[in-house]
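Working from the sequences, and respecting the hints, build out all of it.
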Amino acid sequence: MRVAEHLNEALHALLDADPAVHVLGEDIVDPYGGAFKITKGLSTKHGSRVISTPLSEGGIVGVGAGLALAGDRAIVEIMFGDFAALAFDQLLNFASKSTTMYGRRVPIPLIVRCPTGGRRGYGPTHSQSLQKHFIGIPGLDLYELSPFHDAHALLATMFARQNPCVLFEDKVLYTRRICRDGVVDDLFRFELVGGWARVYADGDLPPDCVLIAPGGLTDRALEAMRDLLIDHEITCVLLVPERLYPLDPAPVMQVLRGAGTIVVAEDGSAGGTWGAEVSRLLHPELWASLSGPIRLVSAADSIIPTAAHLEREVLVQADTIRRAVLA
Amino acid sequence: MRVAEHLNEALHALLDADPAVHVLGEDIVDPYGGAFKITKGLSTKHGSRVISTPLSEGGIVGVGAGLALAGDRAIVEIMFGDFAALAFDQLLNFASKSTTMYGRRVPIPLIVRCPTGGRRGYGPTHSQSLQKHFIGIPGLDLYELSPFHDAHALLATMFARQNPCVLFEDKVLYTRRICRDGVVDDLFRFELVGGWARVYADGDLPPDCVLIAPGGLTDRALEAMRDLLIDHEITCVLLVPERLYPLDPAPVMQVLRGAGTIVVAEDGSAGGTWGAEVSRLLHPELWASLSGPIRLVSAADSIIPTAAHLEREVLVQADTIRRAVLA
Amino acid sequence: MIGAIQERVRALTPVADADLGRMLRIRHFERALLRLFERGQLNGTTHTCLGQEHVPVAVSGLLDPDDYVFSNHRGHGHFLARHDEPHALLAEIMGRAGAVCNGVGGSQHVYHERFLSTGVQGESLPVAVGVALRLKRVTPGRLACAYIGDGTWGEGSVYEALNMAQLWRAPLLVVVEHNRIAQSTPTTAQLSGSIAGRAAGFGVLHHRIESVDVNVIRAELAPLAAVVRSEFRPVVAEIAVHRAGPHSKGDDTRTPEELREAAEGDWHPRYAEAFPEQFARLDEEQRAFIARMVDDVLIRPASEWERP
Amino acid sequence: MIGAIQERVRALTPVADADLGRMLRIRHFERALLRLFERGQLNGTTHTCLGQEHVPVAVSGLLDPDDYVFSNHRGHGHFLARHDEPHALLAEIMGRAGAVCNGVGGSQHVYHERFLSTGVQGESLPVAVGVALRLKRVTPGRLACAYIGDGTWGEGSVYEALNMAQLWRAPLLVVVEHNRIAQSTPTTAQLSGSIAGRAAGFGVLHHRIESVDVNVIRAELAPLAAVVRSEFRPVVAEIAVHRAGPHSKGDDTRTPEELREAAEGDWHPRYAEAFPEQFARLDEEQRAFIARMVDDVLIRPASEWERP
Ligand SMILES: Cc1ncc(C[n+]2csc(CCOP(=O)(O)OP(=O)(O)O)c2C)c(N)n1
Ligand SMILES: Cc1ncc(C[n+]2csc(CCOP(=O)(O)OP(=O)(O)O)c2C)c(N)n1
Ligand SMILES: [Mg+2]
Ligand SMILES: [Mg+2]
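Protein chains in written order, with full-length UniProt numbering: chain A, 1 to 327; chain B, 1 to 327; chain C, 1 to 308; chain D, 1 to 308.
Please keep in mind that the hints were generated in silico from the structure rather than gathered at the bench. There may be inaccurate statements among the hints.
[Unchecked claim] So these bits of chain D aren't anywhere near chain C, every CB distance computed over 10 Å:
| hint | residue |
| --- | --- |
| 1 | Ala88 |
| 2 | Lys136 |
| 3 | Glu160 |
| 4 | Glu210 |
| 5 | Gly250 |
| 6 | Leu259 |
| 7 | Met293 |
[Claimed, not checked] Here are the simulated EDC-like cross-link-like pairs (lysine to aspartate or glutamate), alpha carbons at most 16 Å apart as the crow flies:
| hint | chain 1 | residue 1 | chain 2 | residue 2 |
| --- | --- | --- | --- | --- |
| 8 | B | Lys40 | C | Glu238 |
| 9 | B | Lys37 | C | Asp251 |
| 10 | A | Lys37 | D | Asp252 |
| 11 | A | Lys37 | A | Asp18 |
| 12 | B | Lys45 | B | Asp16 |
| 13 | A | Lys40 | D | Asp66 |
| 14 | A | Lys40 | D | Glu273 |
| 15 | C | Lys136 | C | Asp64 |
| 16 | B | Lys45 | B | Glu9 |
| 17 | B | Lys37 | C | Asp64 |
| 18 | D | Lys136 | D | Asp66 |
| 19 | B | Lys40 | C | Asp252 |
| 20 | A | Lys37 | D | Glu277 |
C-beta atoms are modelled at their ideal positions from N, C-alpha and C, and glycine is treated no differently.
In structure tokens form, the structure reads like this:
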């Protein structure tokens with residue numbers, strides 16, 4: 001099953017299970033079913049709880065927060081994650097703040113879904129990975145879809161914390177297969193440990209390098225790991241957290257302590273990255289065992305061009321990761 | 001002279017010198033002269049080039065970008081920097097992108113001024129330091145006002161790069177005296193080196209610790225340095241960059257190489273901070289000479305409460321910095 | 001001119017003790033705040049609703065406990081008209097024990113039962129639409145009431161909200177306190193067209209109320225609120241008011257002419273003139289009450305908050 | 001029904017070769033794009049303006065080279081009507097040498113002389129206000145023209161811009177291509193009230209044009225543009241159009257009924273019927289031209305861009 005269908009099933013299950021769940025977004029109702037078809041069938045099955053909205057990204061996140069404040073649970077799809085910029089105020093100054101600024105805990109079970117990332121030639125305003133800009137907002141949790149984590153469980157976890165959440169979903173990942181039963185492919189296996197997927201080569205030898213990456217990087221990370229193993233006999237372990245922020249490294253601390261080299265890869269442009277935040281958390285813990293600073297891989301410090309040959313130069317490729325490990 | 005008056009004079013000078021300069025913002029015309037009086041007198045002197053706007057933070061940043069695109073130079077005041085969240089899309093997806101996404105360099109000389117920070121009891125939505133959320137947007141430069149840097153030269157530098165810029169201005173700093181002629185007070189001296197102010201105790205002994213902080217932290221950094229020197233005989237040097245992003249550490253690399261301990265202090269809440277970005281830049285350069293990871297000081301991972309006694313617990317105080325140096 | 005004012009004074013309908021008492025309670029509360037500020041006993045900022053107290057008193061008489069109220073920076077009257085808890089509000093503003101939000105939110109960020117205020121203009125309207133949609137589904141007949149100022153009509157969020165509210169038939173009552181100024185900017189310099197026209201452009205019912213008479217305002221609002229409740233549709237009720245005080249504290253740069261006009265538009269002297277005995281009695285009652293209340297709060301210890 | 005259409009056909013006024021030729025050039029350009037996509041020769045996304053080609057042709061006839069044009073996602077016609085450079089545009093869309101923005105911007109992000117498009121709906125309106133203010137000061141008589149769709153009226157930025165444009169008298173011509181749909185959502189489900197009413201609410205002049213006749217549209221637009229230029233005030237010109245193609249590619253979920261209606265509203269068959277010889281001649285001319293143009297661009301090397 002592909003990630004897109006899997007996520008769609010998860011949304012169905014959520015709507016089935018809880019009449020308080022509402023889904024809002026531009027063009028999400030049938031027969032269109034959303035720009036990426038993630039909401040396909042939802043409106044047919046769940047009627048008025050699935051609402052196509054006007055083009056009002058700030059407004060619909062506000063409406064979602066209002067539903068959540070009053071006792072519902074809201075999922076808002078931003079057609080392209082780039083437009084979450086239009087909802088930045090609602091997320092920063094209302095939804096997240098309301099959870100604590102009234103002097104007591106106020107639940108705001110709101111999930112803002114952001115189809116994210118490039119590699120589809122959509123151009124500079126439809127290809128960004130904006131995770132880093134949402135990091136460090138008190139009361140706002142950031143998650144990213146991966147092929148390893150069960151989407152239904154993930155959405156349930158997000159609602160359970162009762163904080164507004166942003167879920168980043170790589171647009172190319174939608175088209176990839178989900179991984180189940182611990183199997184990735186002929187070479188790699190995975191296990192889930194406390195919100196993290198640990199992906200390792202069959203045999204599970206102690207790794208030369210630990211790679212940390214959000215779910216959207218999976219394809220490129222695996223390709224790099226395969227090359228490194230076969231061409232360079234370098235063993236990597238890949239760690240994929242479901243929650244990007246706040247990040248809890250405890251479940252994988254053991255894995256990290258053993259690593260001489262740690263590489264963090266992500267899709268956002270260089271500068272002020274998630275990787276810098278991961279390093280902030282890990283450097284103090286691992287200072288003694290690290291042979292050098294954690295290595296950060298990201299897209300170039302650049303807008304994302306439209307033409308495929310130019311886009312490729314800017315975005316993270318398997319080779320970008322491979323070179324960082326070899327550096 | 002106080003920083004507020006100094007900045008006001010700089011704006012006067014800019015408007016005097018260049019008929020293309022325009023200033024927009026809510027309630028900025030006389031007799032009100034802006035919520036923090038930074039624009040006092042400007043409209044009386046420069047008439048229609050100084051415009052009080054409706055409450056439309058996103059819109060006025062867009063208008064500023066339009067003026068800049070067409071050949072003017074625009075300064076937009078956001079009454080409280082917190083509301084820059086409403087202009088996040090205009091900055092991220094239009095102003096900064098336009099400088100490069102059309103395949104050639106497009107100048108957008110736009111300065112967005114953001115009165116920033118707490119310590120005035122204005123509460124959770126009027127006290128934030130949002131610098132970190134704007135870091136790493138290709139084509140967007142971030143600056144911060146300091147008592148050391150000449151405001152007129154600073155504004156001229158910002159325009160000269162022809163990128164949209166955000167200027168963060170600490171609201172309490174407005175009320176402090178500017179430092180000139182290399183003198184800070186009875187104990188401290190400063191010099192300017194390539195966009196950085198280097199502040200050192202009279203005598204200029206090699207420091208035990210280097211403190212890096214944006215201009216808004218100056219008062220608390222100096223207080224901490226004084227205590228550390230007098231009570232603990234620890235010598236600190238303070239480095240204050242005028243440009244926060246992209247940060248150019250080259251001019252102070254010599255100072256940093258000598259330091260066993262480096263502390264970065266800032267006003268934003270914890271998580272995904274500017275300090276993490278500074279560390280990303282410096283760790284690779286200084287790995288060998290550092291005794292431990294760069295230490296980061298920031299506000300708590302919390303909204304900023306209104307009541308003074310609660311606000312104090314959350315925000316960075318001189319003592320927070322002192323303790324980080326002693327840790 | 002004086003003739004004209006007397007005309008309006010004579011026009012005031014008899015007022016219930018409860019209403020005039022509440023209006024005066026709010027007035028004394030706000031005045032006490034400004035005094036505390038002057039004496040340096042208040043930290044931070046505040047926006048008093050001097051001159052506009054009668055609006056929330058009129059509105060609150062029409063609200064059900066299950067309705068939600070969204071308030072803004074100028075929200076003390078909105079709160080006190082709905083919740084007779086001046087101690088809790090002053091404690092909030094002063095960061096003292098018994099504060100409604102433990103002193104965390106302060107003057108502009110209050111959440112109590114179904115009353116919520118925020119300090120970012122316009123932001124709460126889409127939120128109110130979401131709340132209204134939930135109310136419509138779960139407790140039909142209940143509404144969300146959102147107070148905004150005329151200046152807030154500069155924010156795009158207002159229009160995104162109006163559009164959705166009308167499309168989705170959200171029971172939303174927008175109460176516009178049109179005081180013809182935003183901070184220092186006259187409405188003529190910040191608002192083109194009219195609020196009536198803007199509402200109409202979105203197909204949203206609009207009604208403007210010119211009176212300062214609390215009974216008249218309530219009477220004109222009543223059918224509007226009923227439409228919101230029974231027809232599930234948004235309504236914009238615009239009420240002409242005068243800001244009798246500064247925007248915040250000591251920041252009034254209006255001309256003497258403008259200030260005189262604002263003072264003339266204030267309900268306070270009119271009610272004083274129209275109902276001298278009732279007014280004097282209630283005024284003294286409320287003055288004394290608020291004075292005691294301030295004394296009580298002033299001796300309280302600092303509020304406590306356990307950071308989450 | 002057929003009678004009614006023939007009525008309208010007969011109503012078409014004689015069209016200049018230049019205009020009809022340009023409309024057909026754009027039509028063939030857009031069709032070529034869809035073919036290239038089908039064959040897998042185009043990467044990314046695109047939004048063709050099939051059915052709406054006559055609008056920018058009508059508008060561009062009224063523009064001065066010093067005017068600015070702001071375009072949106074559906075901008076090929078806007079560009080080609082103003083700049084007869086289909087090679088440069090196709091190269092842009094395909095990332096080939098000679099691309100107007102070196103292949104960096106692609107279909108939705110084009111900046112050429114005083115033409116600028118962006119892919120985030122509504123964002124360009126405040127920008128256009130800023131540009132218009134500069135034009136008014138430096139070259140009075142010049143205007144900023146911004147194309148937006150009906151769906152874009154959901155965005156708050158539109159209203160922030162209208163308000164400022166009217167308050168500050170910005171020479172801004174907003175051309176609304178009202179095709180009664182936004183991506184997949186019918187306008188009835190995304191827009192309450194009306195565009196006319198919304199403009200009026202901001203005191204902004206509005207005029208709606210129902211015709212598909214390029215001459216009529218231009219003639220109705222001409223006095224509006226003149227008002228913008230001479231009176232320095234914004235105008236909203238709303239033009240009823242039909243989207244004859246998919247939103248992007250292969251994503252048309254409209255019912256057969258809706259599709260038939262859209263096809264009937266298309267200018268193309270009407271002009272074909274009304275002016276058969278002229279149409280056939282120009283159509284063949286443009287078909288051949290675009291075919292050669294595509295062949296030319298297809299053999300070009302990849303565009304080059306030096307990252308700043
Ligand atoms: C988004 C936002 N922009 C600016 C401000 C600062 N501000 C607070 S009140 C105000 C004026 C509001 O005017 P209006 O809506 O008419 O309300 P009034 O103060 O007259 O009651 C301004 C500019 C704010 N709080 N939020
Ligand atoms: C801010 C923003 N939200 C959503 C989109 C995705 N999107 C592109 S076009 C479109 C529909 C636009 O409708 P309309 O304005 O009527 O123009 P039309 O496509 O009909 O020409 C949408 C939702 C976008 N580009 N920008
Ligand atoms: Mg007002
Ligand atoms: Mg449309």
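Verification of the supplied hints:
For Ala88(D), the condition that its CB be more than 10 Å from all CB atoms of chain C holds, with the nearest at approximately 35 Å. Distance check on Lys136(D): its Cβ is at least 16 Å (rounded) from any Cβ of chain C, clearing the 10 Å threshold; non-interface status holds. Distance check on Glu160(D): its Cβ comes as close as 5 Å (rounded) to a Cβ of chain C, failing to clear the 10 Å threshold; non-interface status is violated. At roughly 20 Å from the closest C-beta of chain C, the C-beta of Glu210(D) stays outside 10 Å, upholding its exclusion from the interface.
With a least CB separation of 28 Å from chain C, Gly250(D) remains clear of the 10 Å interface cut-off, as annotated. With 10 Å as the threshold on Cβ separation, the claim that Leu259(D) sits away from chain C holds: the shortest Cβ distance comes to roughly 24 Å. No Cβ of chain C comes within 10 Å of the Cβ of Met293(D); the nearest lies about 41 Å off, and the non-interface call holds. The hinted pair formed by Lys40(B) and Glu238(C) fails the criterion: a straight-line CA distance of about 33 Å is larger than 16 Å.
Restraint check: the Cα-Cα separation between Lys37(B) and Asp251(C) comes to about 11 Å, which is no more than 16 Å; the hinted pair holds. Restraint check for Lys37(A) and Asp252(D): the C-alpha separation of about 13 Å stays at or below 16 Å, so the hint holds. A hinted pair counts as satisfied when its Cα atoms are at most 16 Å apart, and Lys37(A) with Asp18(A) does not qualify at roughly 22 Å. For a cut-off of 16 Å, the pair hint linking Lys45(B) to Asp16(B) stands: about 9 Å separates their Cα positions.
With a C-alpha separation of about 47 Å, the suggested pair Lys40(A) and Asp66(D) falls outside the 16 Å cut-off, and the hint is violated. As the CA atoms of Lys40(A) and Glu273(D) are separated by approximately 41 Å, the hinted pair breaks the 16 Å bound. At roughly 14 Å between alpha-carbon atoms, Lys136(C) and Asp64(C) fall within 16 Å of each other, so this suggested pair holds. Among the hinted pairs, Lys45(B) with Glu9(B) is consistent with the structure: their alpha-carbon atoms are about 12 Å apart, no more than 16 Å.
Using a Cα cut-off of 16 Å, the hinted pair Lys37(B) and Asp64(C) is violated, with the two alpha carbons roughly 43 Å apart. For the proposed pair Lys136(D) and Asp66(D), the alpha carbon gap of about 12 Å is at most 16 Å, so the pair holds. Distance check on the hinted pair: Lys40(B) and Asp252(C) sit about 15 Å apart at the alpha-carbon level, within 16 Å; holds. A threshold of 16 Å between alpha carbons decides the hint, and for Lys37(A) with Glu277(D) the separation of about 45 Å lies outside it, so the pair is violated.
Violated hints, in rising order: 3, 8, 11, 13, 14, 17 and 20; the structure is consistent with all others.
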